[in-house]
Amino acid sequence: MAVSTVNLTRVSYNLRAFNLLESIRRNQRATYNMQTALATGLRFQRPSDDPLRASSAITLDRRMDRLDLIQNNLQRANTVLNEVDTSMQEAVDLLREAQALAIQALGDNTTPSERQALTVVVESLLDQLVSVGNHRYLNTNLFSGHQNIVPFERSHGGVIYRGDGNRMETMVDLDLSEDAFTIPGLEFFRAVSAEVRGVVDLDPALTADTLVTDLNGALGRGVELGRILVGLPAEQSEIDLRGCATVGDVVNKLNAELPSGLRARINVRSLELYWVGADRGPVSVWEVGGGRTAADLGLTGTFSGPSTTGQDLDPRVTLRTRVADLRAGAGVNLSAGLVVRSGGQKTTIQFNGVDTVEDILNRFNQADIGVWAKVADDGRSLEVRNRVSGVDLTIEENGGLTATALGLRSMHGGTRLASLNDGKGVRTVAGADFRITTRDNTTIDVDLDGVQTLQEVISRLNTAGGGAIAAGFVAQGNGLRIVDLTAGAGTLRIEELNGSLAATDLGLNVTATGNQLVGRDVNPVKVDSPFTALLELSAGMQVDDRLAMTDGAQRLERVLKQMQEVQGKLASQAKVMATRADHVETEVTATKVLISDVRDVDIADAAVRFQQLQTALQANLSTALQVLNLSLLDYLR
Amino acid sequence: MAAYQAAITITGQNIANVGNPDYTRQSGRLASVYSGAATGTISPGIGVRLDSLQRHTDAAVESRLRLAYGMRSGAELTYQTLSRVEALYNELSEYDLSSQLNEFFKSLADLQTDPLETASRNLVVSNADAIIRTLQRQRSGLLDQIHDLNAQTEAMTRSANGIVEEIAKLNALVVTTEARAQGGSGALRDRRDALLRQLGELIDIQTREHENGIVNVYVGSEPLVDFDRTRGLTTVTTVENGLERTSIRFADNDGSVILRSGRLAATVAARDVHLVGQLEQIDQLAGALIYEINRVQTSGRGLVGYTSATGTYAARSATAALNSTAAGLPFPVQTGTFFVHIRDQSSGQTITRMIKVDLDGLNNDDTTLTDLAAAMNAIPGLSATLTPDNRLQLNADAGWEFSFSEDTSGALAALGVGTFFEGQNASTMAVQAAVRNDPRLIAASRSGAPGDGSNAGRLAAVGDVASALLGGLSILDFHSGLTSRVAVVARSAATEHEAADAVYSSLLTQRESLSGVSLDEEAINLTKYERAFQGASRFLTVVDSLTDELLTLVGT
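If you're matching them up, the sequences are chains A and B in order. The first sequence begins at 1 in this note's numbering and counts up by one. The second sequence begins at 1001 in this note's numbering and counts up by one.
Hints listed in this document are in silico derivations from the structure and should not be mistaken for laboratory results. Among the hints, erroneous ones may be present.
[To be verified] Quick list of the computed label-pair ranges, beta carbon to beta carbon:
1) B:1137 x A:367: 52 to 58 angstroms
2) B:1304 x A:602: 53 to 59 angstroms
3) A:596 x B:1326: 20 to 26 angstroms
4) B:1344 x A:452: 42 to 48 angstroms
5) B:1020 x A:619: 28 to 34 angstroms
6) A:621 x B:1087: 45 to 51 angstroms
7) B:1137 x A:596: 28 to 34 angstroms
8) B:1472 x A:21: 37 to 43 angstroms
9) B:1316 x A:589: 55 to 61 angstroms
10) B:1399 x A:462: 42 to 48 angstroms
11) B:1326 x A:367: 48 to 54 angstroms
12) B:1398 x A:277: 53 to 59 angstroms
13) B:1472 x A:621: 53 to 59 angstroms
14) B:1344 x A:589: 50 to 56 angstroms
[Unchecked claim] Derived list of chain B stretches under chain A, where covered just means 3 residues or more per stretch with a C-beta under 8 angstroms from a C-beta of chain A:
15) 1079-1086
16) 1092-1100
17) 1352-1358
18) 1444-1455
19) 1475-1483
20) 1503-1516
[Claimed, not checked] To be clear about the criterion: a stretch of chain B counts as covered by chain A if any three or more of its residues have a C-beta under 8 angstroms from a C-beta of chain A, and this derived list gives those stretches:
21) 1241-1251
22) 1396-1404
23) 1413-1424
24) 1519-1525
A quick note: this is a predicted structure, and the numbers were derived from the prediction, not measured. Just so it is clear, CB atoms sit at the ideal spot from N, CA and C, and this is done for glycine as well.
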C-alpha cells in the first residue's frame, strides 16, 4: 500500500523504513477493523465509523422500540378485549337463562308457589350478573370506566353502578394515535338511566374570567384566536390576539391596540366596541391572512354609531361557572332546594352557600343517593342520571322552582308523553279521552289527540276548562294538578272516556283532595338495564304479579338485544385490534430487515475482504524484511 | 588526502546518523586548488580541498512540514477528543441515552394503558433515574475531558516554553559556531530544526532565517523568539458559567496568542467548540426534558393529591412579572390559566378553582409571584405563602389535598410546583422527592379519575412533540441530531486527520528524499573517497620516489 504519491529523486534509509511502517500500520488497522466486524457481525461499531448508517440505525432502533411498545399495547388490548368479550358472553348467557325462567314463570301451568320458588333462581342470576359486571383483568376493572372501584353492587334498593362512561385507551400506532380497549358498564349493561335534563339553556354570561376555549363562538365552532384588522376611515390597527387565555385578556389586548378613542368591553354575552369621546366614523373589522378570529368573536363587519355589540359568543357551562353568571347573569334562584326520590328514599337537597356549578353538582354527587350529576356534554345545561337499577328516580320541586330553573325536574312541561310511564307513553283514543266534573257539576271533556308534551296537556286542559279549572304542575313534588275554580256541593272527579287510559297514564286518575286533583309522578327515571329487568322479574315472581313479570320479560328482551349489539361492536373492535397487531407484526419484520441491512455485516463479503487484507499484510511484512536487509554495505570488503 | 579524509569523515557522520529522523544529510564540496605557479606552459593546480560543507535541506519543505505536523497533530487530538465523546455517549449500545429515553417514554405509555399499576409508576421513576444518571455521567465525562484539555494546554505551554528557550540558546550557539568554522553548526541546526518541528506541532509558527544563521520565530505577526531572546508563553485560567478555561498568553505582556493550527489550537477548539458545545447541548436537552415533562405533569392529576408542596425554583423578585428577567425564573411563563383542585380526603368532594396568569404587559397588572400566591391563598382549604428565598409554598388544610390541571401558562412548571423533575440542567436534574417517595403523584390522568391514563399518553408523547426550548425540535429528534452531529464531526475529524497525515507523509517523503541518508549512496561515496585517498597516497609515493631519484642524482 503506497504511503505517498510524491515523485522521488532518491530514497533514504529512513524513508524506506517510514514507508514500510506506515503501510504495515494501515494494513493492520484495516485487518483489525474487519476482524472486529466479523467478530461482532456489525458493519460499524461506533456512529463515526459510518455516520449516515448510524443515523439510520438510531432512527430505526427508535421505530423498533415504538413498534415493540405498540405490540405490547395491542397484545394487552386484545387480551382485555377477549376478557371483556368472554364476560359479555357470560352476561348474555345468564340473561338467556333468565328469559327462559320468565317464559316459564309467565306460563299458565306455573303455580304462584312455583313462581315464588323461581325467585331464588332469578336472584342467583342477578348475583351472577353483578359478579360478571365486576370482572377484572390484572388491575383493570373491565366495566368500571376510569374509576378504580368495584363497579356494581347490590345496594340502595337495587344494583348501583359506581363507574363512569369512559374507556381506557392505549397507543396503537406509530403516529401515537390511541384506541379504546375497554367498554364501560354504562354502555354494555346500560347501567345508568337516560339523563334527567330539562329544556333549560343555563346560558352563562360572558365574564373576564371566561376561558376562550370555553366559548362556542359566534358561529358555534369555538374561537380560534389570530390576528384581526380594525379599520376607521383614516386609521387602522392590526391586533394579534394569539396568546390570550381569557375573554378578559382579549378585551385588554383590544383596548391596548384599538385605534384611539375606540374601546372594547364585555356586554353580557358578547363583546362590544364603543367610542370614548367623538365618534370617528364607521368601524370595520376584518380577518387577517385567511383567519377566522373576527368571525368567531362575532365582530366581523362594519359598524356605525356610538357602540356596537357583537354576536353572542355562547360560553359553555363549566364546573367553574358561577351560579350568579347563569341565565345571562340573572342567576338562578336556588333558595327552595329540590327533592330527589330514589326508591323509597326522599332526600332534600339545599343549595345554600353554593357559588359555582361544581358546588351544585357536589351536592348531588355527595348525597349518596345513587345519582350522577354532571354538566351536559354540550355545555348548555346540567344533567342528572340514576345509577341504581331497579329503583325509580324522581327530581321534584321543594316548593319553589329550583329544579325547573336548573332544568333538572324529572317531570316538566317539556316532557314528552311518549316517554311517560317508563317509555310506555299515554294511551289515548280518537275523540275525548277523559271527562272532568267540577264541584258545580260542570263537565269538561278533554281530547288529547295531537298532544306531544305535558305543557300541551296543561294547555289543552285549561282551554277545555274554559276558566272552570286551572291545570299545572304541583308545587311540591311532581305530577299534574287540576284545581277546581268553581263552587258547589259536588265532588271534583275525573273519569276516562271511550276506553282511553290517558287519565291513568297521566297520573290523574286519582281521588280529589278538596278542590284539587293532585296527579301522580308518571315519569320516574328508571335504569333500562338487565339488572332492572331481573329485579322486576324477581319482584313479580315473589308476589305473583304477572304485569311486573311481563314488564321484566319485555325489558329483558329489549336490553338483551341491545347488549348483543354492543357485543357485536366489541367483536368488530377486537378484530380491528387484531388486524392492527398483524399490521404491526409485518412492520416489525420489515423494520428488523431494515436494521439488519443497515447494521449487519455481509459475512461473505467481509470474509473475502479479511482474506485480502491478511494477504496484503503478509506481503507487507515479507517485503519489509527483505527491503530493509538489502544494502550495498554488505558488498564492501 | 586531507580533503578526502574530511569527505570520508562527512560520509561517516552521515552513516552514523542514518537512523536519526532529525538529521540532515551533509556532503562536502571538493574544489581543486589553483596555485598560480606554472609547470612549463601549463598550470594544473596543486590539488583538491574541501571547499564547503553542505546541508541538504529545503527551508520551504521544512516550513510546510512543520505546518503539516501541527495540523496532523491537531486533527489527531480533535479526533481523539470526539472519539472519547462518542465512547462516552456509547450510542448504538443497549445502554445509550437513546435507548433510555425510549424506555422512559415507553414506560409512560405503559402507564397510560395501566394507570393503576404501581409497578408502572415505579418503572417510570426508575427509567427517569436512568436518564438522569446517564446525562450526569455524560456531563461529568465532558467536564473531565475539559479539565484534561486544560491540563494539556498548561503542559503543552510549558513544553513550548522549554522549546523556545532552547531555540533561543541554539541561535546564539549557531552564530558563535559559524563564526569559528564555516558549516560547523550542522548538528546545532539539525537540533534547532527538530525543535522548530516540535514547536510547530504545538503552535502555528512562522520562521525567518537570517544570513548569520539566526532563526527568529513568530506566532502570527507576534515575535516569539528574537535571536537569543524569548518572550515566553504562559497560561491563564478563567471561570465562565462554572467552566474553567485555560488560555495561552505571552508571558512578557499578557497579550493573547492567536492560535490558528497546531495541537494547542486544536486543544482549545476541541474544548470550546466541541466539548463545551456538547455540554451546552446536554444541558439544553436536560432542560427541555425537565420543562416539557413538567408542563404536561402539571396539566394532569395523580392518583393522590399533595398535602403540601414547595416550588423548586426561586424567583429573584417576588414582585416582578413572572416572565420578566427580574423574576429570573429558569423556564418560560406566558399568559394562561391553570386549575387547582382541592379534595376532601374523607368525602372525595372536589372544589376546582381557576388561577389566571396575566403576562400581556398591559395595564400594569402582570402577574407576579406575590399575586399568584395571593390568588392561590384565596382558595378555600389551601394556604399559599412564599419562602424567604421566593419559592411558592402550598399547604392544604388538614383532611384536604390539592392537585393541578390544564396549566396553559407554564407557571407551575416554571415555579417547580407539582412537577415530576426538578433542576434546570443535566447536573441539577432529579426526580422530585415527592414523586420519588410516592409515584402515585405522577399525573397520568387529565380528569382526575384514577383509571384515566390520557395524561400519561401525553407524557409519553413529549419525546415526539416540538419544544420551543430546542428550537422547535422534539426531544428525541434533538438527541438524535446531537449524536449524529458528534458522529459526523468525529468522522470528519478522522478524515481530516487522514488527510493531514497524507500531507505530512508526503512532505516527510520530500524531506527524506532530499535530506535523508541513503546507506547505498554513502557506501558508494565511501568507496569513492577511499579510492581517491588511495590515489592521492599513491601519487605521494610516486612523487616521493621521483624525489628520491632526484636526490640520488644530486648525491652522486
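Assessment of proposed distance window 53 to 59 angstroms (beta carbons of residue 1472 of chain B, residue 621 of chain A): 56 angstroms, holds
42 to 48 angstroms as the expected CB spacing between residue 462 of chain A and residue 1399 of chain B, which holds or is violated: 54 angstroms, violated
Satisfaction of the hinted span 53 to 59 angstroms by the C-beta atoms belonging to residue 1304 of chain B and residue 602 of chain A: The hinted range 53 to 59 angstroms holds for residue 1304 of chain B and residue 602 of chain A, with Cβ atoms some 56 angstroms apart.
Pairwise beta carbon distance, residue 1344 of chain B to residue 452 of chain A, judged against the given window 42 to 48 angstroms: 44 angstroms, holds
Given coverage of the stretch 1503-1516 of chain B by chain A, tested with a Cβ cutoff of 8 angstroms and a minimum of 3 residues: holds (count 10)
Whether the CB-CB distance between residue 1326 of chain B and residue 367 of chain A falls inside 48 to 54 angstroms: Holds, at about 50 angstroms.
Check of the stretch 1079-1086 of chain B against chain A for coverage (Cβ-Cβ below 8 angstroms, three residues minimum): Answer holds; 3 residues pass the 8 angstroms Cβ test.
Residue 596 of chain A and residue 1137 of chain B - C-beta distance against the hinted 28 to 34 angstroms: 30 angstroms, holds
C-beta pair residue 1472 of chain B, residue 21 of chain A: status relative to the range 37 to 43 angstroms that was hinted: Given a distance of about 51 angstroms, which is not inside 37 to 43 angstroms, the answer is violated.
Residue 1087 of chain B and residue 621 of chain A - C-beta distance against the hinted 45 to 51 angstroms: 31 angstroms Cβ-Cβ, so the 45 to 51 angstroms window is violated.
Three-residue Cβ test at 8 angstroms for the coverage of the stretch 1396-1404 of chain B by chain A: violated (count 0)
Outcome, coverage of the stretch 1092-1100 of chain B by chain A - at least 3 residues whose beta-carbon is closer than 8 angstroms to one in that chain: holds (count 3)
Hints 3, 6, 8, 10, 21, 22 and 23, counting from the list given before, are not met by this structure.
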